[in-house]
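Engineer: Dock chains F and Y against the given chain E, drawing on the hints supplied.
Residue numbers (the working numbering), protein chains in the order written: chain E, 1 to 297; chain F, 1 to 280; chain Y, 1 to 330.
It is possible that some hints are incorrect.
Capping the alpha-carbon separation at 25 Å, the derived lysine to any residue pairs in SDA-like fashion look like this [claimed, not checked]:
hint, chain 1, residue 1, chain 2, residue 2
1, Y, K48, E, V142
2, F, K133, E, N9
3, Y, K287, E, N9
Keep in mind that the hints were calculated from the coordinates and are not lab data.
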Amino acid sequence: MSTQDLAPNPLEVRGLGRRKATNRVMEGLAWLSALIAVGILGVVIFSVARRGLPALNFDLLTKDPIPFSLTNQPQGLANAFVGTIVIVSLATLMALPVGILVAIYLNEFAPAAIRNAVTMILDILNGVPAIVIGIFVFGLFVVGHGQSGWAGAFALACLMLPLVSRSTMEILALVPNALREASLGLGVPRWRTTLSIVLPQTVGGIVTGTVLAVARVAGETAPLLFVSSFVGTQTSWNPLHALQTVPVAIFELSESPDPADHARAWAAALVLLLFILFASLSARWLANRSRRKITGR
Amino acid sequence: MSTTIEPTLRVETRRQPMPPRERLEQIFDIQGLDAVYGGKPAVKGVTMEVYKNLVTAIIGPSGCGKSTFIRCLNRMNDLIPSFTQTGTIRYHGQDICGSNIDAVAVRRNIGMVFQRPNPFPKSIHDNVAWGMKVLGIKDNMNDRIERALTQAALWDEVKDRLKASALSLSGGQQQRLCIARAIAVEPDVVLMDEPASALDPIATQAIEELMHNLKSEYTFVIVTHNMQQAARVADMTAFFSLEVDTADRHGILVEYAETATIFTHPADKRTEDYVTGRFG
Amino acid sequence: MSTAELSADAARRPFTGRRVRFGDLALQVVAGGAALGVTILVALIIWKVIEGARLSIQTYGLEFIWRVAWNPVLGHELYGAGSFIFGTAVTSLFALLLAAPISMGIALYLTELAPAVIRGPVTALVETLAAVPSVVLGLWGILVLGPALRTTIQPWLHDAFGFIPLFGPPSSAGASIFTAIIILTIMILPIVSSISRELFLGVPTELKEAGYGLGVTRWEVVRGVMFPYASGGLAAALILGLGRALGEAIAVTQVIGGGVGIHWNLFSGGDTLASKIAASYQGSTTKLQTASLIYLGLILLVFSLIVNLIAQWIVRRSARKHGIVRGGHA
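Just chain E, same shape as in the assembly (with noise of 0.2 Å):
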């Protein structure tokens, strides 16, 4: 026997009326929370954007930083985009074979605990704050030898390795076994295997994971401070001597009180803004391929 009254109504439900309104409510809520998020990022481009648009020009590429100038001379930040060009690659080639041979070993070779204690400590490098690295890069490099490229771009390689090594620890993991079993079958030992036909197939994703630490680093300030940033004013391409970067030049520009500095640090932020989306971007793009490539879904 049903508790609900059958006549008049049978589908009143007492009490469904303020349920009804606190699910209403809490969908209001869930669907603000999403505006605000989007809002957010809509004004933070919005600014960068409207703020860096008007100094961003050609100069702001080519020609160097003219400190303390009181003259309206065309000056610019090619010192730091270049720095950053330099420091980056070198990091990149320093971190992306580590990367691959660690995941390449965590995946291939190494047995179940030796695999688990090291995607540990591959986690634990991932959460050491970027500062607390700059630290440490000092301590390595720069104490008794003074700040250089090569520092900032070993820092940087710290900071992009455990993100190289999960992305293609990943997709190595989707590589079907029976691929490897066809190889091994044939004859063919492990080393030719896992190098001749496992990898190409995962170039995909490990393009799309060195775009993605690529555009998280390039945007790194803190280790940079502590190993690259006692700098001249003129563009270098040599990184045994401290290079300027971008992030480090925003930093710096914005604690000054010059507006002419705020401009130029909205320009190169607006930049340095652009590479990391359009890298994003890629990055993802990229994925979805290999992703369908390999499992062809």
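Structural biologist: Same frame as chain E, now just chains F and Y:
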């Protein structure tokens, strides 16, 4: 042209004879129901009534829209984005397909037990209690829980471990827990979508027994691919089948009658072919 | 080669099943060496940080941790981490408090409410927020958000709730703990919401249907079925967000205004462990000051490690409970 056929199914049934038609109360009146997933019709033109305090079985080969049909009865298909339906389903005279009808209210009165047991990852006690709490049934909670579990033929097995996780029960026990959960909130109708298909014969028997015992309090509509089960347990049986025409394949209601009729002298040849095992 | 010659060849070649191929060994050594290298790297990091802080550890011992002082004046040098631990705690915890409901709201919106066409773009947009570098967010914070908060929200909060010591007189420049909290909230949002989103997507449909079948509303299904199911992963997500907030140095130092001491006024300036290091490092005058800053870094490292390990533990535990839980990917 109907003939009396030798029942090829010799099954025990505790089914009592049905009360005469005049004394049957209509709960569902379904007219011209078409159910469509993403442009492809699953079932078309269903017209039938469901009567109170009876067990109504829906049988037929797989793919003929039985599950889709039963899910229409409690607006469960609303959860699937590509779903649309036309036609009316009158529940106690009120069309529950109208856009002004709140699906939540519908499901309050028309409960459902699913094909695979799906207890919440909570304790046995909380599984039964949660629905009641949310719906505002707060009095005599423990008595109600005991009653629901007893009616679901599970009380004796779990009364000493109500705090244990529901996931520690066997499949058959979990399904009975799901039944207890559904009847704890005292719905009007209980829909069952192949409730015993994932269970062993002993568990299946327990569930059939349960339906028989609870018929006087609830109305059951059960989808089953097991003809013997329908013969054992149902008062009325609806036979669905596939119709293939130039446009698509979809399910249709072929015949709906008292179970005895369906299994001994069905009116439609297709029904006869199915119940005698000539196909499906 | 004819078949006969091939089999003769094969017979001549000994079947060396046991011999380890040079190539295999080489790859394993090199790859294993890389893995070992990573382990050594982490150990090296910990060691170097301890070494850098050694002078300060020897001078002040454990008292450093709770002493509230930072006086670099020569002759009266006295350093302590108390003020900055307080700053880290206040900024991170408040940011987490703000970010948690908003992130979960975003995740719920994207999994349960959003129409199919905007689901993809909005998800991408939220993840893009994670890609904005901290220095850019900090730049925006100093030049846009800070002044805006100073003229709008801060005075309003002070007027309306000034009796609570949290909302004291607004600062003059817009740089304040409050601004830092908002910036950190913005940074935590994408991490927590993307993990939450994956967790909510992972709730089995049949469980949700069981809930709906009883005649409950969507919010009741979320609260009673989805949250409990995902609770382990959600906790891990929050902890990961906390870790992100703890370690953020640049954006915080740009907007937090600087200051020593324990005040409850959110609108005053202050510093966190990370921001103090970033702010004072280049101007550090004595070895003791530098060592003390590195001591701050050591404390920060310990906190981060604890948070990281707790998150890993939660993920492992809930993976065991549910089979596979995708969490821990920041």
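Engineer: Confirm or reject each hint.
Structural biologist: The hints, checked one at a time:
1. In summary, the hint linking Y:K48 to E:V142 is supported, as the alpha carbons are separated by about 12 Å, within the 25 Å threshold.
2. Using a Cα cut-off of 25 Å, the hinted pair F:K133 and E:N9 holds, with the two alpha carbons roughly 23 Å apart.
3. Among the hinted pairs, Y:K287 with E:N9 is inconsistent with the structure: their alpha-carbon atoms are about 83 Å apart, more than 25 Å.
Checked against the numbered hints above, the structure violates only hint 3.
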